[in-house]
Amino acid sequence: MSEGLRIAERLLAGDRTALARLISWAENGDSRFRAAHAAFYGRVGRARRIGITGPPGAGKSTLVNELARVLRGQQKTVGILAVDPTSPISGGALLGDRIRMESRTLDPGVFIRSMASRESHGGLARAAVDACDAMDAFGFDVILLETVGVGQAEYDVVGAADSVLVVLCPGAGDGIQAMKAGLLEVADVLVVNKCDLDGADRLQNDLSEAVHVRFTKRAWTPPIVAVSAGKSFGVEELVQEVERHFAHLEAADLALSRRSKRVQHVENVVDERLHRLLWRDRGWRAHVERELARTVSPYEVAEGVLAELTARLSAGPSMSPVDRKVSTP
Amino acid sequence: MTDRKIRVLVAKPGLDGHDRGAKTVASALRDYGMEVIYTGLHQTPEAIAEIAAQEDVDVVGLSILSGAHMTLFPRVREELVKRDMAHVVLTGGGIIPSDDMLELEKQGYAKLFGPGTHTEEIAKWIQAEMQRRFAAEARS
Ligand code: B12
Ligand SMILES: Nc1nc2c(ncn2[C@@H]2O[C@H](COP(=O)(O)OP(=O)(O)OP(=O)(O)O)[C@@H](O)[C@H]2O)c(=O)[nH]1
Ligand SMILES: [Mg+2]
Chain F
0 MSEGLRIAER LLAGDRTALA RLISWAENGD SRFRAAHAAF YGRVGRARRI GITGPPGAGK
60 STLVNELARV LRGQQKTVGI LAVDPTSPIS GGALLGDRIR MESRTLDPGV FIRSMASRES
120 HGGLARAAVD ACDAMDAFGF DVILLETVGV GQAEYDVVGA ADSVLVVLCP GAGDGIQAMK
180 AGLLEVADVL VVNKCDLDGA DRLQNDLSEA VHVRFTKRAW TPPIVAVSAG KSFGVEELVQ
240 EVERHFAHLE AADLALSRRS KRVQHVENVV DERLHRLLWR DRGWRAHVER ELARTVSPYE
300 VAEGVLAELT ARLSAGPSMS PVDRKVSTP
Chain X
0 MTDRKIRVLV AKPGLDGHDR GAKTVASALR DYGMEVIYTG LHQTPEAIAE IAAQEDVDVV
60 GLSILSGAHM TLFPRVREEL VKRDMAHVVL TGGGIIPSDD MLELEKQGYA KLFGPGTHTE
120 EIAKWIQAEM QRRFAAEARS
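Respectively, the protein sequence lines represent chains F and X. Under numbering that gives the first Met the number 0, the first residue of the first sequence is numbered 0, with each subsequent residue one higher. Under numbering that gives the first Met the number 0, the first residue of the second sequence is numbered 0, with each subsequent residue one higher.
Warning: the hint list may mix true and false statements.
What the hints assert, rightly or not - Restraint ranges, calculated between C-beta atoms of paired labels, are given here:
1) X/S97 <-> F/E235: 41 to 47 Å
2) X/A127 <-> F/R243: 32 to 38 Å
3) F/V265 <-> X/R138: 53 to 59 Å
4) F/D140 <-> X/G113: 43 to 49 Å
5) F/R45 <-> X/H41: 35 to 41 Å
6) F/A37 <-> X/A137: 21 to 27 Å
7) X/R132 <-> F/L312: 38 to 44 Å
8) F/E8 <-> X/Q126: 17 to 23 Å
9) X/R138 <-> F/A218: 53 to 59 Å
Note that these hints are calculated values from the structure, not bench results. The beta carbon of each residue, even a glycine, is placed where N, CA and C say it ideally should be.
With these hints in hand, go ahead and build the complete structure from the sequences.
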């Protein structure tokens, strides 16, 4: 039996060490992960995936900890994936989210994994969906997925979660900022955290006006829930609203919603592998450098590369997609 | 595996409240391209080992300045072994007399660093240690 199959079996048997190792393999682009994933994918799809996003310091990690507390009270098991940014200069990262989740460290029904964003710029990490799949197959009832502190354009979480919670707080980075950033548009539930602080009422009013304007034509209007994660206030109500959203998804077409997210995931995987193949493994970068040194314009160089790639793609029948019957989980 | 990064857990066991060293080392290792998880203060050996296991780290580094290292360091190792994590590189630092350092090294701590150590030395040592291990893994 291959190593990938063996670890998949251990995962399905509830071995936490296997889960931890699989996530590392996913992060490192290890081919053993792909073998394991194929073996456990049949068991993926039971968990509810809740994304938690919002600007830096809004209280995402504190809220994740609180959500886990409430969910554990309902006897649900919880997998947590918390992404923090990679330093663009050193390539290293300080993964600090789990400091706020200390009270869950020794809870046997909770598994917390920190992940660096590495080369991703969408607020998650390349391996985030893989890690969620592994946690899902392991058997967690709920997966909480915390993004890095987002700014204006990091929406990968939409493709990774069933429900997206956008967490804002009064003061820094105000509601208006969020509207400009388009964060509002990806929210399934809007959370006004730190409602123990001044300005929370105003933020809530601003948000409710903005939602009123923007969401009139949609089937789901995101509720606005005021909580204080720091003071354990309002989190039960928040969990109820998330439940309500999930019920809405199920009433619409949860399978369809998930399948279209999978399509996006496959596209990402192909893009990434192609990118790597082209620019890292084969000599195209050097080719481009040579061409530019001949003072050819960037567009001309690009056209040249594309022409050659297209020629190669159409040359061999092995390069065109083979039609196979696919079943969707 | 070109994508592999060194994952390090920097942990503060026990009641010791000195965290400057741990934080300094954690951010220095980040600056050397490692992915560093810092536990925060007052962790039990059990919690440290559990975090190391969930995070599948390559290195566990403990920081103690309170003098409790001879009880806490072995306890952390025990808890790691219980969780199938005997393979991690064990290191650490703080106020640790050299006799104690020798004794802990006998017990499986690869290397310990005292006050005044350049963080560059620590980072380079970890990198060299991990390179050896990655190479050994690739061969097997
Ligand atoms: C600053 C300091 C404090 C500050 C701490 C602030 C903070 N948030 O950290 C304050 C004032 C709060 C404090 C309080 C106390 N302190 Co004090 N403190 C110091 C002092 C002067 C410097 C420590 C320091 O920050 N060094 C700078 C950092 C960068 O160095 P470092 O921690 O040693 O780390 C280096 C290496 O050790 C190593 N390293 C450390 N951790 C790690 C981890 C890994 C993974 C690796 C690889 C390497 C590594 O690499 C680092 C870089 O070189 C030391 C004396 C000394 N010279 O060390 C006393 C000292 C540690 N304190 C001491 C004492 C007794 C106390 C108190 C009990 C005093 C009291 N009676 O109240 C309290 C206890 C507080 C508590 N809750 O635990 C004693 C400890 C005695 C002992 N171990 O036997 C010392 C040694 C002073 C002395 N000579 O008596 N202290
Ligand atoms: N007053 C108040 N402070 C809070 C509340 N929730 C979180 N905080 C504080 O806000 C700060 C940031 O909290 P985190 O949970 O780390 O925020 P985050 O969004 O995860 O931060 P990043 O991951 O760095 O983007 C911490 O100091 C928390 O203690 C709250 O409800 N009220
Ligand atoms: Mg956080």
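Hints, verified against the model:
no., hint, in the structure
1, X/S97 <-> F/E235: 41 to 47 Å, "violated, 55 Å"
2, X/A127 <-> F/R243: 32 to 38 Å, "violated, 54 Å"
3, F/V265 <-> X/R138: 53 to 59 Å, "violated, 35 Å"
4, F/D140 <-> X/G113: 43 to 49 Å, "holds, 47 Å"
5, F/R45 <-> X/H41: 35 to 41 Å, "holds, 36 Å"
6, F/A37 <-> X/A137: 21 to 27 Å, "holds, 24 Å"
7, X/R132 <-> F/L312: 38 to 44 Å, "holds, 41 Å"
8, F/E8 <-> X/Q126: 17 to 23 Å, "violated, 34 Å"
9, X/R138 <-> F/A218: 53 to 59 Å, "holds, 57 Å"
This entry does not satisfy hints 1, 2, 3, 8, going by the numbered hints stated previously.
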